[in-house]
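Enquirer: Listed here are the chains, written in short residue letters.
Protein chains: 2
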Amino acid sequence: MPAFERPEYIDRITKVKARMEHLGIEVLLVINQSNMYYLTGYEGRSDYVPQMLILTLEDEEPKLILRKQDVPCAVHSTFLKPRNIIGYPEDYIGTERRHPHEFMAQLFKDWGIDKRRLGIERSNAPISPTGWDRLKAAMPNANFIEAAGLVAWHRLKKSPAELVYMRQAAAIADIAMQTAIDAIAPGVRECDVGAKVMAAQCMGTPDFGGDPPRPPAMPSGKKTSAPHLSWSDEVYRPNQPINIELGGFRRRYVAGLSRAIHIGEPPGRLRALHEATLEGMSTALETARSGRICEEVEAAFRATTRRHGFEKNSRIGYAIGIDWAENTASFHPGDRTVLEPDMTFHLMLGMWYDDWGYVLSETFRITDAGGETLAKLPRKLFVK
Amino acid sequence: MPAFERPEYIDRITKVKARMEHLGIEVLLVINQSNMYYLTGYEGRSDYVPQMLILTLEDEEPKLILRKQDVPCAVHSTFLKPRNIIGYPEDYIGTERRHPHEFMAQLFKDWGIDKRRLGIERSNAPISPTGWDRLKAAMPNANFIEAAGLVAWHRLKKSPAELVYMRQAAAIADIAMQTAIDAIAPGVRECDVGAKVMAAQCMGTPDFGGDPPRPPAMPSGKKTSAPHLSWSDEVYRPNQPINIELGGFRRRYVAGLSRAIHIGEPPGRLRALHEATLEGMSTALETARSGRICEEVEAAFRATTRRHGFEKNSRIGYAIGIDWAENTASFHPGDRTVLEPDMTFHLMLGMWYDDWGYVLSETFRITDAGGETLAKLPRKLFVK
Chain A
277 MPAFERPEYI
287 DRITKVKARM
297 EHLGIEVLLV
307 INQSNMYYLT
317 GYEGRSDYVP
327 QMLILTLEDE
337 EPKLILRKQD
347 VPCAVHSTFL
357 KPRNIIGYPE
367 DYIGTERRHP
377 HEFMAQLFKD
387 WGIDKRRLGI
397 ERSNAPISPT
407 GWDRLKAAMP
417 NANFIEAAGL
427 VAWHRLKKSP
437 AELVYMRQAA
447 AIADIAMQTA
457 IDAIAPGVRE
467 CDVGAKVMAA
477 QCMGTPDFGG
487 DPPRPPAMPS
497 GKKTSAPHLS
507 WSDEVYRPNQ
517 PINIELGGFR
527 RRYVAGLSRA
537 IHIGEPPGRL
547 RALHEATLEG
557 MSTALETARS
567 GRICEEVEAA
577 FRATTRRHGF
587 EKNSRIGYAI
597 GIDWAENTAS
607 FHPGDRTVLE
617 PDMTFHLMLG
627 MWYDDWGYVL
637 SETFRITDAG
647 GETLAKLPRK
657 LFVK
Chain B
277 MPAFERPEYI
287 DRITKVKARM
297 EHLGIEVLLV
307 INQSNMYYLT
317 GYEGRSDYVP
327 QMLILTLEDE
337 EPKLILRKQD
347 VPCAVHSTFL
357 KPRNIIGYPE
367 DYIGTERRHP
377 HEFMAQLFKD
387 WGIDKRRLGI
397 ERSNAPISPT
407 GWDRLKAAMP
417 NANFIEAAGL
427 VAWHRLKKSP
437 AELVYMRQAA
447 AIADIAMQTA
457 IDAIAPGVRE
467 CDVGAKVMAA
477 QCMGTPDFGG
487 DPPRPPAMPS
497 GKKTSAPHLS
507 WSDEVYRPNQ
517 PINIELGGFR
527 RRYVAGLSRA
537 IHIGEPPGRL
547 RALHEATLEG
557 MSTALETARS
567 GRICEEVEAA
577 FRATTRRHGF
587 EKNSRIGYAI
597 GIDWAENTAS
607 FHPGDRTVLE
617 PDMTFHLMLG
627 MWYDDWGYVL
637 SETFRITDAG
647 GETLAKLPRK
657 LFVK
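Same order as they appear, the protein sequences are chains A and B.
When you line the first sequence up against my numbering, it's residues 277 to 660, in that order.
When you line the second sequence up against my numbering, it's residues 277 to 660, in that order.
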């Protein structure tokens, strides 16, 4: 069953079509699987093989072209009529003699859409250079128009039904982070803490389960200088810092959450950075209200932490929703996106140095009064 | 710490260079992150941003160009000298005004390699059409040569050190599958079984922990017609089939394992397909010995199951190792790869129909006497 009712999908599609018309696009080719999920509910995590969604201005429903083996997954998970789900034969897999994009191109010719104005997501699409070159070669007269972000920007502002999932995801993130904090202790293997965290992410709450999660980042010791490392099978030792960034996952909507933990008394520099970041986060959340622009949120944070002697050199957050980052708006200098109610962001305030680092993050919703964080866990530097 | 000693990496690099010379490639650009891991140990799962490995015929070590934030991860996880790990600035992230490939192209010019014969993995590289077009635009005189599979084919035959990890991965897969079989029962939520399975994948054994796992596929009921669906938060009901495909993950090496489970007495068609597949698997494993070719393994399986009235319409297996499928050799008609000792494959014998399906799989090693399976779990149709 898809995560939403049919009218929600039709509403999304209608908005995307309006944007297509505005850009002079007659047919939209969607490759990014988070965008496919947004428009149809297709749950397959199958973009290791070529697949595509096709939306014309005339059709009410888009079509999906998938590997034949993945068609039943689409039948079970999307709101589409089965006739709009097309499989390409299995003998297109694991061979260099034919390419699924050639199968698709032939269909486009059969449907008479190959010479129309085709929007395609070029800049954020996991198709290989070969796939792209073969698609172009199979449709030499096609008129491709850049459509990167066309769907993704519509995902930024969440509907009430999406916000229900985002809040559930945040509740799961709270539980998973508390599980990590409880489990970390000297002598415990990192992978065993990882096991408890991932189990908590899956179980969710008695009222709603979690989706298959992405593993947490949880570097320890000097590896805290790296934001994206996971666990090892070493045991925790006294006087180690641990930085945890994890997500709650619910019907593919994600709430990111990060906390720093220290086994034993934290060093002064870590406490100082925590205090500076806490204050910076408050300022950023106050600034992040409807009508303000993305770069102002970053500027407010920067001014606050600079007074404490700390400077973050990377963006301080990004739009979040389906499958984590949406790759649209970011809080960094130059991003002039105007904030609107119900946009959701992951405010990610990690700072990383040569042999240590610190993280604090919250997923929040834009309101007229500022950013409303979705998780409830205290913003402490947790000491074990 | 990298998963292997320096000489193992140097040996891999030497073999890759020999192949480069054979193909007339002076500089190899590697984009696929499993190939990056194979050649350097780089553990980042960071290919949602552009990154590249550069290997020239002259240099002993390759270079990595990563997002600046990911450089410490490479310092911690690779065998490379820190000077061979280069970060591009954070202001290349989240913007359309500049692209990391432009930064890379400038470096290639500085190094004087931009006009040399550049091998690039086109057909299996997760770079976007925009990234590819920008790279070509930034190096208008570059001479790009298709190098797809150049590194990946070297991964097929495993070294003794790799086989240690493959066997550990298989031991973890055994534990995780047994955990699923034990946990499934009417009234239990699917996500709670998922939680136990993922915890088992993470914990591994007391001697070695598991890596962050990919979630199991575990469709139930009519959803068993789809191979790649995960869990829901519904409870299991009497008389339901469940198909589980999961991996054991160890230092990024994967052993895949699949079993079918039925709550209550299985229907006759399921038992019949199980018996046919069991016999087909034995024949396939006997055929899969050194000197035979891939398509013969498929033909042996096909002939056996056909006698039972069953026909599998997709490939029956593929090379497996780092990060699951290697995208090189497959067991399907037309694949003329000659089998050599210590190649590893995932023999995946799923068959899927309109409203049901069945799975049985084993990860195995080629020997002179046939395929040696790495997991120990009985090949039963498990009844709960």
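Honestly, the hints are just simulated from the structure, not real lab data.
Some clues are possibly wrong.
Repeated chains share a single entry, so a pair holds when one copy, or any two copies, can fit it.
[As the list claims (entries may be wrong)] Only pairs whose alpha carbons sit at most 27 angstroms apart, straight line, appear in this in silico DSS-like list of lysine-lysine:
hint, residue 1, residue 2
1, K498, K391
2, K652, K472
3, K344, K498
4, K656, K357
5, K391, K412
Enquirer: Confirm or reject each hint.
Expert: To see whether the hints hold, each was checked on the structure:
Taking identical chains as interchangeable, the C-alpha atoms of K498 and K391 are never at most 27 angstroms apart, the minima being 56 angstroms within one chain and 40 angstroms between chains. For a Cα distance limit of 27 angstroms, the shortest separation of K652 from K472 qualifies both inside one copy, at 20 angstroms, and across copies, at 26 angstroms. Taking the closest pair of Cα atoms, K344 and K498 come within 27 angstroms of each other only across two copies (17 angstroms); inside a single copy the shortest separation is 47 angstroms, beyond that limit. For the homomeric pair K656 and K357, neither the shortest alpha-carbon distance inside one copy (49 angstroms) nor that between copies (37 angstroms) is at most 27 angstroms.
With identical chains, the CA atoms of K391 and K412 are at most 27 angstroms apart both within one copy (12 angstroms) and between copies (26 angstroms).
Against the hints set out earlier in the document, violations occur for numbers 1 and 4.
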